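*Asks:* So the protein lines, in turn, are chains A and B. For the first sequence, our numbering begins at 1 and goes up steadily by one. For the second sequence, our numbering begins at 1 and goes up steadily by one.
No lab work stands behind these hints, which were simulated from the structure alone. All figures in this text were calculated on a predicted structure; none of them were measured in a lab. Among these hints, one or two may not hold up.
Here are some of the chain A residues that sit facing chain B, going by a computed Cβ distance under 7 Å [what the hints assert, rightly or not]:
1. Thr2
2. Val3
3. Pro5
Cβ coordinates follow ideal geometry from the N, Cα and C atoms, glycine included.
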Amino acid sequence: MTVSPELDARFRAAAASQGLLDASYDLFDSPIGPLFAAATPRGLCRISFDPEPEREEERLARGFGLRVLRSPRALDAARRELDDYFDGRRQQFDLPLDLRVLAPFHRAVLDRLAQVPYGRLTTYGTLAASAGRPRAARAVGTIMNRNPIPIVLPCHRVVGSTGKLVGYGGGLHRKQHLLELEGAIAGVATPLPGLDSPHEP
Amino acid sequence: MRVPPFERFYEAHRSEVFAFLRRRVGEGAADDAFQETFLRALRGYGGLQHGNHLRAWIYTIASRVTVDEWRRRREPVLEPEPVALDGRPAYAELEHLASGLPPTERAAVVLRYGYDLDYADIGAALGSSAEAARQAASSGVRRLRRKELP
Chain A
1 MTVSPELDAR FRAAAASQGL LDASYDLFDS PIGPLFAAAT PRGLCRISFD
51 PEPEREEERL ARGFGLRVLR SPRALDAARR ELDDYFDGRR QQFDLPLDLR
101 VLAPFHRAVL DRLAQVPYGR LTTYGTLAAS AGRPRAARAV GTIMNRNPIP
151 IVLPCHRVVG STGKLVGYGG GLHRKQHLLE LEGAIAGVAT PLPGLDSPHE
201 P
Chain B
1 MRVPPFERFY EAHRSEVFAF LRRRVGEGAA DDAFQETFLR ALRGYGGLQH
51 GNHLRAWIYT IASRVTVDEW RRRREPVLEP EPVALDGRPA YAELEHLASG
101 LPPTERAAVV LRYGYDLDYA DIGAALGSSA EAARQAASSG VRRLRRKELP
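Can you make the complete structure from the sequences, with help from the hints?
*Replies:* Spelled out as structure tokens, the structure:
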């Protein structure tokens, strides 16, 4: 016997509003393809591209606890801010973040990254230096590649020392799209490739 | 077996638990009972040590919810609930007594005698047949008797 969508939604909302979840998640559409977003009671903890929900659930369970449930209402604020961002109405995110599972240097780099303004570019080396380890550009590259909350933590604004886009966990076409949206680079004539190619964020 | 993320557990069991609750409390009360069952499961989920017998576990919770629902429906109580000496309801006492049994027998005994489920439902809860559930319950009862009557 199937549970009605209304009852299912009611349970998922109650679970979140009663504070019974270690992490809630939802999936939504965006101009750069479907996004997976997750939050703990402390704040947003994950955004991923080309979502594979079961893998993401396991990852959330390992990081935050087993009580992981899809609960759209818990992600309302994140969805709203991301929609505003993609519509060009928002340049800065006001969402609280939960980065507690990350190592201290990793977190320090992401703190610096969060300060790179909308529409501006920085380099891996500059970011490494501002986090106190000027020779750690390569490590910073790895940290950007594993950024748990891309878009909100704007690793797309980090480029190579020559200005080349270099790489992006979600695929270069997405990096390009985000930078064009922010007016950081001029649009190019080549169309965006299909969004269905597999990329790890 | 590992405990899966709650979403997996919920997806795997929600339909059959809902069907079970509808049979037990009727269509009108099934929605509330369903929500209450899985909210209670969430409250206990973080403390689970392993993922064995998750199905029996959720049926036990659902059964407890139906007992609460029946009790709630009852007009002013005319006869006292059967209570154990420490004031707990009989099914709670049975869960306590059966705690030393192997998990399958324990679940079968508690669901049969604590919650009055029939063997078909217990078989469903344990992922086995009605006959296997009957055997598990009677083997559990024999084991309890041996313990009580040396």
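*Asks:* Each of the hints needs a verdict: does it hold here or not?
*Replies:* Tested hints:
{"no.": "1", "hint": "Thr2", "verdict": "6 Å, holds"}
{"no.": "2", "hint": "Val3", "verdict": "5 Å, holds"}
{"no.": "3", "hint": "Pro5", "verdict": "12 Å, violated"}
Going down the numbered hints, you'll see the structure goes against just number 3.
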